[in-house]
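There are 2 protein chains.
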Amino acid sequence: MGTTQLETVPEPKYWHLKTVLSEALDTDFSVGEILPNERDLAARFGVARATLRQALEQLELEGRLHRRRGVGTTVAPPRVDVSTSQHTWPGAADDVWQPADCTTATIAAAPAAVTRMFTGVEGELHTVRRTRTTHGQPVAAELLYVPAASVPELPAIEAPSGPVRARSVLRELQRLGLDGQDRAVELGSARADDAKELDRLPGAPVLVVTTRYFAQGRTAAVSVATYRADTCRLTFGDSGDLEISHHGPAAHAS
Amino acid sequence: MGTTQLETVPEPKYWHLKTVLSEALDTDFSVGEILPNERDLAARFGVARATLRQALEQLELEGRLHRRRGVGTTVAPPRVDVSTSQHTWPGAADDVWQPADCTTATIAAAPAAVTRMFTGVEGELHTVRRTRTTHGQPVAAELLYVPAASVPELPAIEAPSGPVRARSVLRELQRLGLDGQDRAVELGSARADDAKELDRLPGAPVLVVTTRYFAQGRTAAVSVATYRADTCRLTFGDSGDLEISHHGPAAHAS
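Quick mapping for you: the protein sequence lines, in order, are chains C and W. Per the numbering used here, the very first residue in the first sequence carries number 50; after that it's consecutive. Per the numbering used here, the very first residue in the second sequence carries number 50; after that it's consecutive.
Keep in mind the hints are simulated off the structure, nothing from the lab. Among the hints, a few may not be true.
One copy or two, either will do: identical chains are not told apart, so a pair holds if it fits within one copy or between any two.
[As the list claims (entries may be wrong)] Straight-line alpha carbon distances no greater than 20 Å define the calculated SDA-like cross-link-like pairs of lysine to any residue that follow:
id, residue 1, residue 2
1, Lys245, Ala97
2, Lys245, Glu87
3, Lys245, His65
4, Lys62, Arg240
5, Lys62, Pro254
6, Lys245, Ala198
7, Lys245, Ala264
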């Protein structure tokens with residue numbers, strides 16, 4: 050446990066400790082097990098508390114540890130593979146997202162980054178809030194932005210907000226034929242409202258997936274989905290066939 | 050500047066400050082500008098240094114600020130869109146990666162996560178190190194794992210390591226017909242060697258893109274690419290046509 054493969058590279062002390070701890074997690078601990086407290090761990094590895102804390106932060110960033118107030122530090126299970134091919138045309142029959150709410154305001158009132166994606170589109174903007182769970186755990190919170198121009202036949206007589214309204218917007222969106230989509234992934238920090246839904250603290254690192262949906266030669270909708278970076282690994286497949294292989298890698302290697 | 054859209058949501062003090070600061074970056078500062086020091090900023094916004102520091106950390110995570118030792122805190126330019134469709138079959142004519150080195154060892158000696166992806170494959174494993182730059186800046190460092198079984202005709206007489214060897218491995222890999230590939234993205238922390246190439250400190254947040262290449266019914270190669278999370282936004286397109294749209298969003302909206 051005292052050696053690493055990185056001995057030729059000069060490295061900070063906490064980094065060496067992180068490597069040693071990572072090996073210890075493999076051999077001496079099992080998933081879900083609570084680690085000894087920081088004082089005991091620091092003594093066991095002969096390091097200062099500050100060094101230990103830096104190493105634990107690294108391991109949390111890499112998804113090896115979960116740290117929760119009141120519970121302590123536990124050994125994390127492997128990250129869950131979450132397929133982004135599930136970002137199908139919103140509201141399609143195989144859609145995994147659960148609509149929770151819908152609000153309406155002008156496009157100009159949206160966050161600047163969203164307004165920019167709808168350059169040339171004017172009028173009102175429906176914001177549908179949806180969530181995605183895997184094995185009963187929340188993994189992502191989404192804001193789906195739909196310009197009123199994309200759902201011109203949306204009835205005005207219904208409830209102005211709430212899940213019923215959200216489902217109406219999604220149903221109307223299905224009338225448009227999807228021309229294509231693109232996606233981008235970047236690092237972000239959880240907003241307070243997303244953090245609450247994801248059972249995280251505000252500011253926790255998240256993977257932000259922005260999907261633009263194109264129909265009739267313009268941007269018909271934009272999805273900004275916030276995935277837990279600690280528990281999720283996002284998968285992208287070239288084809289439907291390959292998508293299956295994410296869950297059975299051995300089939301390809303045999 | 051003193052109001053936010055989140056007033057109905059209970060939020061920590063540093064979070065509110067982050068929102069206010071974010072708006073100030075838009076209106077009062079330009080890209081590349083050095084922010085006032087922490088003491089002055091804390092005084093200007095009437096908060097404790099610790100609160101200010103938390104808010105600055107959030108903004109760094111979101112790619113709004115760069116913090117570098119000796120330079121201070123500067124306003125970051127928008128993140129660069131980096132296309133992952135460039136993870137073509139390694140060594141192809143349009144390959145953007147620059148080979149830097151190649152080493153050879155047994156598959157069993159590779160990191161456990163890599164060995165697992167080659168279940169059923171035995172023998173030696175070539176590890177090609179490559180880098181990717183955009184606009185002269187290093188954006189990613191890659192380890193490309195190629196089992197000897199995928200390049201059976203690789204000449205043994207050449208140099209056993211170095212960029213010449215790396216190019217030979219890539220050239221031989223081209224003889225295999227690619228059946229398909231899949232990709233996964235997750236949050237990680239920069240290893241000391243990657244950090245050096247990316248001009249970051251070890252442990253800096255990175256986006257790790259793992260690509261598996263399939264040929265002849267098995268995993269022919271695996272790429273583990275480490276992208277700077279502070280400066281990069283990874284793009285994924287459905288088709289070649291759409292890929293172009295990443296750099297011209299206005300064309301779709303008009």
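Contradicted hints - numbers only
1, 2, 6, 7
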